[in-house]
Amino acid sequence: MSCDREQITAHVDDALGDVAREAVETHAAECETCRVQLADERTLRARLRTLPSPELPFGLEQRVRARLKRRRRMSRATRVALPLAAALVVALWARGYAPFVAWELSRDHQHCFAMETLPAQVWGSEPEQVARWYGEQGDHLPLLPASVGGLSLVGGRYCPLPDVSFAPHLYYVSDEAQVSVFVVRHGVRMRDDYRRRVRGNAVALLRVGRDLVGVVGEDDDRVADFVSRLRTSVAALGEQEPSAARILRPSS
Amino acid sequence: MNREETFEAEVLPQLRPLFGMAYRLTGNAHDAEDLVQETMLRAYRAFDRYRPGTNARAWLFTILHRLRTDALRRKGRRPETVELVDDGPPVPPVHEESLTSGREDIVRALEGLPESFRAAVVLRDVEEFSYAEIAKILEIPVGTVMSRIHRGRALLRQTLSGRLG
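Heads up: the sequence lines are chains A and B, in that order.
Per my numbering, the very first residue in the first sequence carries number 1; after that it's consecutive.
Per my numbering, the very first residue in the second sequence carries number 1; after that it's consecutive.
Simulated from the structure, these hints should not be mistaken for laboratory data.
Take these hints with a grain of salt, some might be off.
Straight-line Cα separation of at most 20 Å, EDC-like style, residue types lysine to aspartate or glutamate; simulated pairs [to be verified]:
(1) B:Lys75 to B:Glu38
(2) B:Lys136 to B:Glu115
(3) B:Lys75 to B:Glu115
(4) A:Lys69 to B:Glu10
(5) A:Lys69 to B:Glu33
(6) A:Lys69 to B:Glu4
(7) B:Lys136 to A:Asp14
(8) A:Lys69 to B:Asp48
(9) A:Lys69 to B:Glu5
(10) B:Lys136 to B:Asp70
(11) B:Lys136 to A:Asp13
(12) B:Lys75 to B:Asp31
(13) A:Lys69 to B:Asp34
(14) B:Lys75 to B:Asp34
(15) A:Lys69 to B:Glu38
(16) B:Lys75 to B:Glu33
(17) A:Lys69 to B:Glu8
Produce the entire structure from the sequences given, and follow the hints as far as they go.
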């Protein structure tokens, strides 16, 4: 073997296999230069190993901990805030989107009528009486009839909707059917009336006076019939009281 | 143990060796602290990818080295290397006492090494990493690790013998 200085280095570091190590040792025994290198590197290595490590700056560990803590707080905030912000953006965008509104109303209709007892906050078959309750909540209901096409008003409540709004929800029932009337307070992007079957229910979104109303029921024909009768009776109510606003205000 | 506790248990004890390495690379306490802080933050962010119980020290040194390389690149500097022909400069035999004489001399000689050689020598001779571990940390082949250590030591021997010889 001739001089291979890198092999000597590797030998000092115990990084050689048996055969290579033996070859280096045999060679070094006969070669002064390599022997010196071997000894020098070993000495150097021993000296380097015992060098004192640079002194840790005072308070470094505390500063590292503090920075990690800040970082943790920030990432926790991001974990919570980001999905929240995203949900809010989606809700705001979806809020005026007719198919989404129809989906929300259909879902809530199903939810309420699936219960053993209706979750009404106000019971009553008189529209004035029901309207008075909403008035006490600081809300004005549109002029609604006591009964439409055989279905009678029984009560209502406020429904929390996924778009972060609360919609007045009125229950109309007969022996064989149930219909929900929702008053949607925010604008909905639609040109004419919107009718669709959503989640197994017929949904109609329509303007009644200044209000946007959603009608939901299981049967298409019944909902269509309810909508046309609602329009007629609201118009008739309006004619009976020409001086009254088209909104039924709570009587004081 | 939750994520924070595991991190503190595995990573914080490595602060001293990390700072030592950072100091030997940057040459001053201020830059060394910045480098260590950055390393800790980066390690915290990447901690999900770390398998507890494996070699935390080697993992942290890899992060530290990568940050150092990035910082030098941003400054438009590469860690300098010295192209040595064949086996490098002829090294006259060094008397043992010159290698054992003063710590300051060795520290100064180490500081005078090109950074890529210094990193390899420190990882091997101070931190006691194996060639394979150093190859991972510096992201270079094992053969290059060997050659950098060899050349680094050759330059150290030359410096020390030149002064004292």
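Tested hints:
no.: 1; hint: B:Lys75 to B:Glu38; in the structure: holds, 17 Å
no.: 2; hint: B:Lys136 to B:Glu115; in the structure: holds, 17 Å
no.: 3; hint: B:Lys75 to B:Glu115; in the structure: holds, 15 Å
no.: 4; hint: A:Lys69 to B:Glu10; in the structure: holds, 16 Å
no.: 5; hint: A:Lys69 to B:Glu33; in the structure: holds, 17 Å
no.: 6; hint: A:Lys69 to B:Glu4; in the structure: holds, 9 Å
no.: 7; hint: B:Lys136 to A:Asp14; in the structure: holds, 18 Å
no.: 8; hint: A:Lys69 to B:Asp48; in the structure: holds, 17 Å
no.: 9; hint: A:Lys69 to B:Glu5; in the structure: holds, 12 Å
no.: 10; hint: B:Lys136 to B:Asp70; in the structure: holds, 17 Å
no.: 11; hint: B:Lys136 to A:Asp13; in the structure: holds, 17 Å
no.: 12; hint: B:Lys75 to B:Asp31; in the structure: holds, 14 Å
no.: 13; hint: A:Lys69 to B:Asp34; in the structure: holds, 17 Å
no.: 14; hint: B:Lys75 to B:Asp34; in the structure: holds, 15 Å
no.: 15; hint: A:Lys69 to B:Glu38; in the structure: holds, 14 Å
no.: 16; hint: B:Lys75 to B:Glu33; in the structure: holds, 18 Å
no.: 17; hint: A:Lys69 to B:Glu8; in the structure: holds, 11 Å
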